[in-house]
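Enquirer: Residues per chain, in single letters:
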Amino acid sequence: NAGVTQTPKFRVLKTGQSMTLLCAQDMNHEYMYWYRQDPGMGLRLIHYSVGEGTTAKGEVPDGYNVSRLKKQNFLLGLESAAPSQTSVYFCASRGENEKLFFGSGTQLSVL
Amino acid sequence: AQSVTQLGSHVSVSEGALVLLRCNYSSSVPPYLFWYVQYPNQGLQLLLKYTSAATLVKGINGFEAEFKKSETSFHLTKPSAHMSDAAEYFCAVSGLGTYKYIFGTGTRLKVLA
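Quick mapping for you: the protein sequence lines, in order, are chains Z and F.
So the first sequence is residues 7 to 117, counted in this note's numbering.
So the second sequence is residues 780 to 892, counted in this note's numbering.
Just so you know, the hints here were simulated from the structure itself, not pulled from any lab data.
We treat Cβ as the ideally placed atom computed from N, Cα and C, and that holds for glycine.
Do not rely on the hints blindly, as some may be mistaken.
[Unchecked claim] If you only want the chain F side, here are some residues facing chain Z, beta carbon under 7 angstroms, derived:
| no. | residue |
| --- | --- |
| 1 | Y818 |
| 2 | Q821 |
| 3 | G822 |
| 4 | F846 |
| 5 | Y878 |
| 6 | G883 |
| 7 | T884 |
| 8 | G885 |
| 9 | L891 |
Just chain Z, with the same shape it has in the complex (with noise of 0.2 angstroms):
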């Protein structure tokens, strides 16, 4: 019973590199979020996606792109990481009852 599962879970950036995180899920979950945290500010939404194919932008999308090709996955990438990009980042599904499931994270530093 995996979950939610991100990869990868460390990795180190040289600012203007380009990256993709994955982020897959095995409970059939229509809606999917990436979020980032950074100390003193919570999580805060990057872009999320109500269904295969679709995509909307939260609270803080500049600087990324996603994708939903398929269910199951949710991509979040990075065409020129910045700095001010260094995060822990947080991909969720939504269950039944608004429960989300989240990942483990991902750790991301921009040099």
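Model the placement of chain F on the given structure of chain Z, informed by the hints.
Expert: For chain F alone, coordinates are given in the frame of chain Z:
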């Protein structure tokens, strides 16, 4: 716009003492309210949820929260703190007809022996 405010970024209590973590929400419509807990190096886990069925909500690990519409509050309590309760706690809100969840800035609970 919906928002939640958590008063106190750090709270320390002695083992066995009452835990009180504060959350106030801003919404014109009674929302869904949640408390999540995050243990070190882990994702968030649901503690409890309010959905208007009852104002006092019981969650896991002995936690409970009371919804007070007049005060727009949803404070989290536990009668007796345990060392294993040390974690970061987040209040969150989601409105009717939306798919977004807005989180507070979190309160880190420290339990002293």
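Enquirer: Does each hint fit the structure? Answer for all of them.
Expert: Results for each hint:
Annotation: Y818/F was flagged as interfacial toward chain Z, and the flag is violated, the nearest CB pair being 11 angstroms apart, outside 7 angstroms. The restraint placing Q821/F at the interface with chain Z holds, with a minimum CB-CB distance near 6 angstroms, inside the 7 angstroms limit. The beta carbon of G822/F is positioned within 7 angstroms of a beta carbon in chain Z (closest approach about 3 angstroms), and the interface hint is therefore held. At a threshold of 7 angstroms, the smallest CB-CB gap from F846/F to chain Z is about 15 angstroms, leaving the interface hint violated.
For Y878/F, the suggested interface contact is upheld, since its CB lies about 5 angstroms from the closest CB of chain Z, less than 7 angstroms. For G883/F, the suggested interface contact is upheld, since its CB lies about 5 angstroms from the closest CB of chain Z, less than 7 angstroms. Interface hint status for T884/F: upheld, as the beta-carbon distance to the closest one in chain Z is roughly 4 angstroms, under 7 angstroms. Against a cut-off of 7 angstroms between C-beta atoms, the interface hint on G885/F holds, since the closest Cβ of chain Z lies about 5 angstroms away.
Interface hint status for L891/F: violated, as the beta-carbon distance to the closest one in chain Z is roughly 22 angstroms, over 7 angstroms.
When held up to the earlier numbered hints, the structure conflicts with 1, 4 and 9 and fits the remainder.
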